[in-house]
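Colleague: Sequence:
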Amino acid sequence: MTYAGEFAYRPGEFPRAEHLHRNTLELPVWHREQDLPLVDQYIDAIEKVIHNADQLKG
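Using our numbering, you'd call the opening residue of the sequence shown number 1 and step up by one each time.
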């Protein structure tokens with residue numbers, strides 16, 4: 001979810017929180033039985049990236 005309003009602080013005032021935000025992966029929330037095949041696709045994709053991370057680095 002993205003906040004569309006104005007923040008009461010300036011970029012750089014909370015570097016640790018900003019670092020966490022930039023490096024956090026946000027995934028959808030699945031809650032139905034029919035979502036399980038999609039969950040498996042996400043798991044497969046994440047595992048693929050993990051196992052090939054050395055080839056993906058620039």
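Keep in mind the hints are simulated off the structure, nothing from the lab. The beta carbon of each residue, even a glycine, is placed where N, CA and C say it ideally should be. Be aware that one or more of the hints could be misleading.
[What the hints assert, rightly or not] Below, in silico cross-link-like pairs of lysine to aspartate or glutamate (DMTMM-like), each with a Cα-Cα straight-line distance of 25 Å or less:
| no. | residue 1 | residue 2 |
| --- | --- | --- |
| 1 | K57 | E26 |
| 2 | K48 | E26 |
| 3 | K57 | E47 |
| 4 | K48 | D35 |
| 5 | K57 | D44 |
| 6 | K57 | E18 |
[As the list claims (entries may be wrong)] Pair by pair, the computed Cβ-Cβ distance ranges are:
| no. | residue 1 | residue 2 | range |
| --- | --- | --- | --- |
| 7 | V29 | I50 | 18 to 26 Å |
| 8 | Q55 | E18 | 36 to 44 Å |
| 9 | T2 | K48 | 37 to 45 Å |
| 10 | E47 | T24 | 17 to 25 Å |
| 11 | T24 | K48 | 15 to 23 Å |
| 12 | N23 | E47 | 17 to 25 Å |
| 13 | N23 | N52 | 15 to 23 Å |
Colleague: So, against the hints stated earlier in the document, which numbers end up violated here?
Modeller: Violated: hints 8, 9.
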